[in-house]
Amino acid sequence: MKTNKILGVLWDYFLMTIGSLIFCMAWTSFVIPNGLASGGLTGFCTILQYGTGIPVGVTYPILNVALLLLGFLALGKGFGFKTIYVIALTSVLFDVLPMFPQLEVMMDEKLLVALVGAALESVGIGLVLLRGGSTGGTDIIAMMINKYWPVSPGRVYLITDLVIISSLLFVPGKGLVDMIYAYVMMLGFSFGVDYVLLGNKSSVQILVFSSKYEEIANHIIHNLDRGVTALQSVGWYSQKESKVLLIVARKQQLNGVINEIKNIDRNAFISVSTAMSVFGEGFEEVKTGLKLKKNNKEQKTED
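Quick note on numbering: numbering that gives the first Met the number 0 labels position 154 of the sequence shown as 153, and the sequence is numbered without any gaps.
Hint data in this document are derived by calculation from the structure and do not stem from the laboratory.
Glycine included, every Cβ here is placed at the ideal spot set by N, Cα and C.
A couple of the hints might just be wrong.
Only pairs whose alpha carbons sit at most 30 Å apart, straight line, appear in this in silico BS3-like list of lysine-lysine [unchecked claim]: (1) Lys261 with Lys250; (2) Lys173 with Lys109; (3) Lys250 with Lys211; (4) Lys1 with Lys81; (5) Lys109 with Lys4; (6) Lys146 with Lys81; (7) Lys261 with Lys239; (8) Lys242 with Lys261; (9) Lys211 with Lys239; (10) Lys242 with Lys211; (11) Lys211 with Lys261.
Have a look at the derived ranges for each label pair, beta carbon to beta carbon [to be verified]: (12) Gln238 with Ala73: 52 to 60 Å; (13) Asn217 with Leu253: 51 to 59 Å; (14) Glu103 with Phe13: 21 to 29 Å; (15) Phe71 with Asn258: 28 to 36 Å.
Build the full structure now, drawing on both the sequences and the hints.
Right under this line is the structure:
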């Protein structure tokens, strides 16, 4: 049991190391050599390098250490060792990788640079996040602000990225075009990291309004092998009671479910919304550790 746990921890740190390497190479091999930038702390350090000449390898660890100290003061011991490990590793990589100019990839097409950089960054950060790590930076700022003010982390990320990227306009030699490329990279990273984290696990929630709800529910349960929940409803205009069907399915199954519904009732009204996380039979399991504790308790009782 202990061996499996040790191997699991080593696997986590191995993947976080690979992710950190990919993340840093996205910047040192593509973004920075081609004069581009983006959001986040790395983007801010890159813009500082363009404006002052101070390398990212110098400003990145200093600012991250400062943010970590502020985080400890404001949030207590809320940072795991994995986050500290990733911050330390990426700080070293940002200092070491520029020593190998053969790793730099120069491109004439800036849009391609932004897309490649965003793709690599999202894969790298995605691997780190999947194993429970974090690169710090604006994550820490978001957590501190969210503790004292009712502002969502997503809004903090958006505002900080907008401010950081807009500061490109104050850097000599940079202009509106550079800022647009930075926004392209920011958007590409946002979509990319969502895909890495969710992948084919992304799910949708479907609401079906139809007078043929019984036929649709039976068809979906018996032929599509999906669960259906019938919710009591009242049409306020007609004052007629009916049932709304609630269906949760994988995103890749969406078109198939809709087509089957339309084959039964072409006039069915269908509402689809994204479900970021779905836990339960047929989807993901909640990893709370309760099952492990229960098993250990039962084993002790038997002993």
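For each hint, the structure was consulted:
Our distance criterion of 30 Å between C-alpha atoms is met by lysine 261 and lysine 250, whose separation comes to about 18 Å. Between the alpha carbons of lysine 173 and lysine 109 the distance comes to roughly 13 Å, so the proposed pair stays at or under 30 Å and holds. Straight-line distance between C-alpha atoms of lysine 250 and lysine 211 comes to about 24 Å, which keeps the hinted pair within the 30 Å bound. Proposed proximity of lysine 1 and lysine 81 is supported: the alpha carbons are some 19 Å apart, at most 30 Å.
With a CA separation close to 45 Å, the supplied pair lysine 109 and lysine 4 exceeds the 30 Å bound. For the given pair, lysine 146 sits about 22 Å from lysine 81 by alpha-carbon distance, which is consistent with the 30 Å threshold. For the proposed pair lysine 261 and lysine 239, the alpha carbon gap of about 22 Å is at most 30 Å, so the pair holds. Our distance criterion of 30 Å between C-alpha atoms is met by lysine 242 and lysine 261, whose separation comes to about 17 Å.
For the suggested pair lysine 211 and lysine 239, the alpha carbons sit about 14 Å apart, so the restraint of at most 30 Å is met. With a C-alpha separation of about 9 Å, the suggested pairing of lysine 242 with lysine 211 holds against the 30 Å cut-off. The hinted pair formed by lysine 211 and lysine 261 meets the criterion: a straight-line CA distance of about 11 Å does not exceed 30 Å. Take glutamine 238 and alanine 73: their Cβ atoms lie about 54 Å apart, and the range 52 to 60 Å holds.
Taking the beta carbon of each, asparagine 217 and leucine 253 are about 20 Å apart, not inside 51 to 59 Å as hinted. Take glutamate 103 and phenylalanine 13: their Cβ atoms lie about 26 Å apart, and the range 21 to 29 Å holds. For phenylalanine 71 and asparagine 258, the hinted distance range of 28 to 36 Å is not satisfied, since their beta carbons lie about 54 Å from each other.
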